[in-house]
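Asker: Each chain, written out:
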Amino acid sequence: MAKLRLPAAPRDPELPGSAGAGPAVDEYGALAGAPPREGRSLRGVFDNRILPWLLLLPAFATIFALVLYPLVETFWLSFHDAGIPWLRDGTKEFIGVENYTEIFTDDLYRRVFVTTAAFGIACVLGTMVVGLLVALLLNQRFRGRSVVAVITLLPWAVPAVAAGTVWEWLFDARAGLVNHLLSYLPGVDLIGFAWFNDRWSAFLAIGIVVVWQSYPFVAVSLLAGFQAISPEVLEAAKVDGANAWQRLRLVTLPILWPLVMVLVIISTIWDFKIFDQVFVMTGGGPARSTEVVAITTVAEGFGRRDFGLGAALAVTLFLVLAAITLFYVRMIREETA
Amino acid sequence: MPARRVLGKVGIYVAALALVAFALLPFYWMVLTSVKTDADIITETPVFWPDEINLERYGLAFERGFGDALVNSLLVATTTVLAGLVLAAFAAYVLARFEMPLRRYLLLLVMTVQMVPLIVLIIPLYGIFVDLHLLNTFYGLVIVYLAFALPLAIYMLRGFFASIPRELEDAAMVDGCTRMQAIWKVVLPLVAPGLAATSILLFITAWNEFIIALNFTTDTDAQTLPVALTRFTGRGLVDWGGVMAFSTMMVIPVVIFFLLVHRRLTTGLVLGATKG
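Note that the protein sequences, when read in sequence, are chains A and B. All residue numbers for the first sequence refer to the numbering used here, where the first residue is 1 and numbers rise by one. All residue numbers for the second sequence refer to the numbering used here, where the first residue is 1001 and numbers rise by one.
Read the hints as simulated data drawn from the structure, not as lab findings. Backbone N, C-alpha and C define an ideal beta-carbon position, used for all residues, glycine too.
Some chain B residues judged to face chain A by a derived CB distance under 8 angstroms, without partners named: (1) Ala1015; (2) Phe1027; (3) Ile1041; (4) Ala1091; (5) Val1116; (6) Pro1124; (7) Leu1125; (8) Thr1178; (9) Ile1211; (10) Leu1259.
Per the computed footprint, the stretches of chain A lying under chain B, defined by three or more beta-carbons under 8 angstroms from a beta-carbon of chain B, are: (11) 159 to 167; (12) 294 to 300.
Whole structure, please, built from the sequences with the hints as guidance.
Answerer: Below, the structure written as structure tokens:
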């Protein structure tokens, strides 16, 4: 039986976003003490002054060209009216904030943003709760724990498109497993219930798929955090009369709070930009009622070739995500300061 | 054992069983559906253990597009892994070893990029692809996946490089190696576990990506597996048996790959996070 060796996390991990917080982990390991080798020879100069930049260049050039430049271009494009001619020769007409006024006044786009936020928050909550419960379970000693831990992680590896497809079949109205299993419950008859014909039930089904795929990451991260907390701290709380729930709420979670915040940020970004599962399971329908921002961006940009409006939708999503991230990073800083 | 303890133990096993069912049932049902007879698939009472096994759908899915998409996906994924490993290892090594000016900002940049969803960039990227005639090419997809997977790959690998004592390279260079030789002969073999973790990250990114592949490959010849799966599923009356055969063949390789390396992947993410 393969034993799942969980990574030993540091006592006080210097998490991304909490830079500078906590004791300075010696990030260079053994090398912090040694001064950089300053070669005087030509080879020394090349090795220490030129080579580093040459080695950095390809990766960062790729990132600049395909992430940073397009990011700026999206912003610029969002103030323009750009259609098919933009693709041909870059022709676009400057229209100021007109795309944004359309987004904020049009009922459909407004609804899309509200839907995305509500659905995203629900998914983050669901993922965090399921992830926490799974991490608590895997933190117990029981036979077969290592096998359960590996099985738990599996949904994480599945391509979102495949996961959406498989769950669409599970949620099938007549022959789907979900309706059959639920109908075994007394007083429930769901055979023939079409989950994807109604907005709420469709989002419930999509949300289950999203949580199914994202709780493993949260669970593994939290478990690594649990195992890094020194047993003495928990033992001391126990001696002082704290029960299991109090130990979790008053000791474990406060220690892990920065990690929890980072997981919330990562999950928020994942769940707000969701596309694959929605595209596969409902395609945004019926009557555009299950569209989220990513789906609408593709529909307006590529479906209707309104690239300016698509860019404005994308920028708005980006700003929302950036604001949320900043908010949480601030919270982490304040609480760990 | 007091009654409460026994109850607690039972509770743990019940919870573990529920968890395993939630995690595994979709996999079981996927594989099962793909080998059932049509009569067992569309039925009023679900069949959990079929009497008859039907493997024809696998051959059929292969003929109806799975084979071509598999070749495309493998090409895209392996190229992304190879190119990504080289670029990420170079950059991670420098960031772990040298006091570069603006080093803190470089890492901040890496993390920021990690936070930009693909959907935000898809329209300008499409423009670039049209200009450079990259639509429907595998290398077009590769460079986008590289740009997106590199930040996290660099971040992870950097932790591994930082955990290798610098004295080892210094010794090699005192013995007459150039820095490149020292990296190649001394450092890279020592970070092999990190390279393994990074390669699975790159592979899964390229293998699973959908939104770019969907919009940037319109020719069926250029489509990767996720796009081919949605085309195969189609709309309206769906042949679920065939679709599940297709899904099974697409999911099983990643799952096996994942089982082989999951320990290294989780260690890699944590090492990356801990080493500054």
